[in-house]
Structure formats: C-alpha cells, structure tokens
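Student: Mind docking chain F on chain V? Use the hints.
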Amino acid sequence: MFDYSKQKDENQNISKYWRKNPKSIEKYQFVHHFLPKPDKRKRADFLENKAILIYCVFILVITAVFRIIPKVAPGVLGYASDINITDLLKYTNKKRGENGVSNLRLNDKLSAAAQKKAKDMFEDGYWAHVAPDGTEPWDFIVGEDYEYIYAGENLAKNFSTSKEVVEAWFKSPSHKSNLIGANYEEVGFAVVNGVMNGYETTLVVQMFGKPRQPSMLASVDDGAVNIGKNTVSASEAEPANTEGDSNVRSETSVSEEPSGTESVESEPIPSGSSANKFIDVTLATKTISLVVGGFVVSLLLIDILYSRKKGIRKFTGLTLAHMAILLVVIISIWLVFRPGLVV
Amino acid sequence: MMENIKENRVEYFILFVAITVFMFFIYTFRFNRQMLILLSGIGSSFYIIWGIIHQWLRGKMSRSVIYEYVLFGILVFLLFFTVLSF
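Order-wise, the sequence lines are chains V and F. When we follow the numbering used here, the leftmost residue of the first sequence carries the number 1, and every step to the right adds one. When we follow the numbering used here, the leftmost residue of the second sequence carries the number 1, and every step to the right adds one.
In short, the hints are calculated from the structure, not lab data. Predicted, not measured: the structure shown is a model, and the values here were computed from it. Here a beta-carbon is modelled for each residue, glycine too, at the ideal position from N, C-alpha and C. It is possible that some hints are incorrect.
Using C-beta positions, here's what the derived DEER-type ranges look like [claimed, not checked]:
no., chain 1, residue 1, chain 2, residue 2, range
1, F, Y27, V, N11, 53 to 61 Å
2, V, K309, F, I37, 38 to 46 Å
3, F, F16, V, S15, 26 to 34 Å
4, F, K60, V, L301, 21 to 29 Å
Isolated chain V, as found in the complex (with noise of 0.2 Å):
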C-alpha cells in the first residue's frame, strides 16, 4: 500500500531543501541543458538541432568577421611564421641528397634577385611566376648580373616553419622537378613579411641557377652552409651579358591563378624584424574550429555515458557516430591542417 504521509514528508523535504538553497536550483537548471532529457527522450539542450544550427551560424560569423577585418584594419590578422634561410637551405639540400643530387650553394645575387621578387609581388599585388606588367622570374635574375645557363623559381606564402615549405614543394611535381634538378648549382631565397589583400603574411622565393661562369664556383666551398663565404663569391663574379642568350629555364606551373586583383596594404617588412604585432588568424581559426568541436564532442559524450546510465532511449541520429565524425575533424585540424600555397 502506498504510504501518502510518507511522499508528503519527501515532498516537503525537497521544497524546504529548494528554499534554503536557491542557488542549487539554478545549479540545476544550467546542468539541465547539458544533460539529455528522459521524459522527452531527446538530447540535451546544448545538443538539440537548434543548437547545432547556432554553432553552424557561429562559425560563418567569425570567419565572415576574419574576412572584413583585414579589410577595415589591415595588417591586425596575419600569419605568424618561423621561416628563415639557412632552414630553408639546409631542408632543401637534405632532399636532393636523398635523391641522390649534388647540394647546392648559396649564392647572393639569387637571393638579391628573390628579395626583389618578393618586394615586386607586394608592391604591385600578385603572387605568380609572371608580373602582371609582363615581367618575369629570369628578369630579376638578369637584373642581379647573374648570367645563367639554368633558372628556375618556386614560390611559397602563408607557410609556419620552413620545413612544411620545403615538403610542399617537394608535394608538388613541377616544384619538385626544381627542388632536385640535377641542372642546378645555386640557389637564393627571400623571406619576406608583408600586408598583402589585408593580411600580414610570409612570402618565401626561392631562385635557382647554373652559372655561366665557371669562376663563379671556383671560389665557392663545396656546398657547406657558409653564407658568408658565398657572399663574397658572388660579389667576384664578373657582370653578365644575357642578351640573345638560349637559356633553358625551368619553370614550375602556376596551380594559382596570378592573383591580381589582390590589394597591398603596406610596403614588405624585411625577414627578421619584429613586426608580429598582429593576430595569428591560422592560429585563431583553428582554436575555434578544436573549442567548437570539442564542446560538442564533450556533450554527445556526457550524452552518451548519461544515457546508458540511466537507460535512457531517445528517438535521434546515432550518437557515437556523431562524436566519431567529429573526433576525425579535430584530428585532422590539429595534426594535419595548416596548408600553404605554392606556384
């Protein structure tokens, strides 16, 4: 026989409980919304296609949000990097080594050729092998007083360190074709920062060339680190005459198209210097995309144990495979995403 005394005391119990403790009932509510509900036999309130809809539009907003600041305040996103030469030089050398090829020297006059590559591109808004006046990868070369039986360019932006450089290039087959040409003696790079299209970010240039002078390599050492060193060789070389030349040039596809109509904010910032005062938007983009992911993932696993805890059935999609779909999208950003481009 059901004791009514005995649930009228429980009962009254419970309400001075409440009374004395208003803050629990508050507790309560906000847990409520993260646990699923068994009277509806639905999910949690955090959990509910309304909900899901909410971070979808949460999402665009912010990336909609990245999208106009650059263009209200440009140079406040950009991408943060830890790219330099020697990295770029020694990665580069260590895959034609492993590709049986000979290492290559560093020589100034590329690299003077790549930085003033690099300054072209900004000044006049286009990240291509082609300047939109017509100007050419072999114009800068020529322009450095390097006569050249062999050149070649690679180009690289928005990259973190130099080796995922590196990689990429070797990724693609017309960068790789440069990257372990048996044709090539010398190399230069350029790592410039710059605003281009509202956004700070690193343009990586890499030259390549076979001399025509022989008594350009007498004086260099045999394909050591040694900047200084090749530094001085290439001020001794003589000036070079390139007209009516048949030079053979390798040139890598462009995977991009020449991006013209892009706008440049601000005149290049040499490699080095300390002008990474702005927000890293990779970086950015990619904590919300992992905090987002990971709340969500976070709920449908209380979801989860909460339900079978309980017993609780609920008419909705297949939980675990909701959290397993979502657990690859974190992975995949936190381990693999940070993609550069190359041409």
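Tutor: Below, chain F alone, put in the same frame as chain V:
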C-alpha cells in the same frame, strides 16, 4: 555503447572504412588547400547520406533526424572550411 555498435555493425563498418580512407586522403593532400576543401565537402556529404540511409534502413526516419544529420554534416564542413579558408 557496444550494444549500439553490435546493432549497427554493417553501418559502423562502412563508416569506419570511410573515415580511414578520408584520413588517408587528408594526410596525402595536406599541402593542397583546394583538395582539402573538396575532401571536406565530400566527407560531410557522405556522412549526411550515410546517416539518412542508416535511419531509413532501421525504419527510424523522421524529419528531425534528417535535419540532425544535415546539421552535423554542415558543422563538420564548416569546422574544416574555417581553418582552410585562411
């Protein structure tokens, strides 16, 4: 959880294979931004279709569940797209 997996063994196996292939391609094309965006689109579309077919086979199809899979698919794509678009 194990009961759930046992009940939907075939569907989960297909999903597991798809995820493995997806992860392989993501790693392979990790330096190709356009390809990664394309893969994200394909991956999220596959998940929506997989979910809807699963619900249909189990006779648990409802408008709310379809919306659920569509929204999760969109969320997956947007999480990728936000990172890849900068």
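Student: Take the hints in turn and mark each one as holding or not.
Tutor: Taking the hints in turn, this is what the structure says about them:
Taken as a hint, the range 53 to 61 Å holds for the pair Y27 (chain F) and N11 (chain V), whose Cβ atoms sit roughly 59 Å apart. Separated by about 40 Å at the C-beta atoms, K309 (chain V) and I37 (chain F) satisfy the suggested range of 38 to 46 Å. Taken as a hint, the range 26 to 34 Å is violated for the pair F16 (chain F) and S15 (chain V), whose Cβ atoms sit roughly 51 Å apart. Checked against the given bound of 21 to 29 Å, the beta carbons of K60 (chain F) and L301 (chain V), roughly 22 Å apart, stay inside it.
Hint 3 from the list above is the single one not met by this structure.
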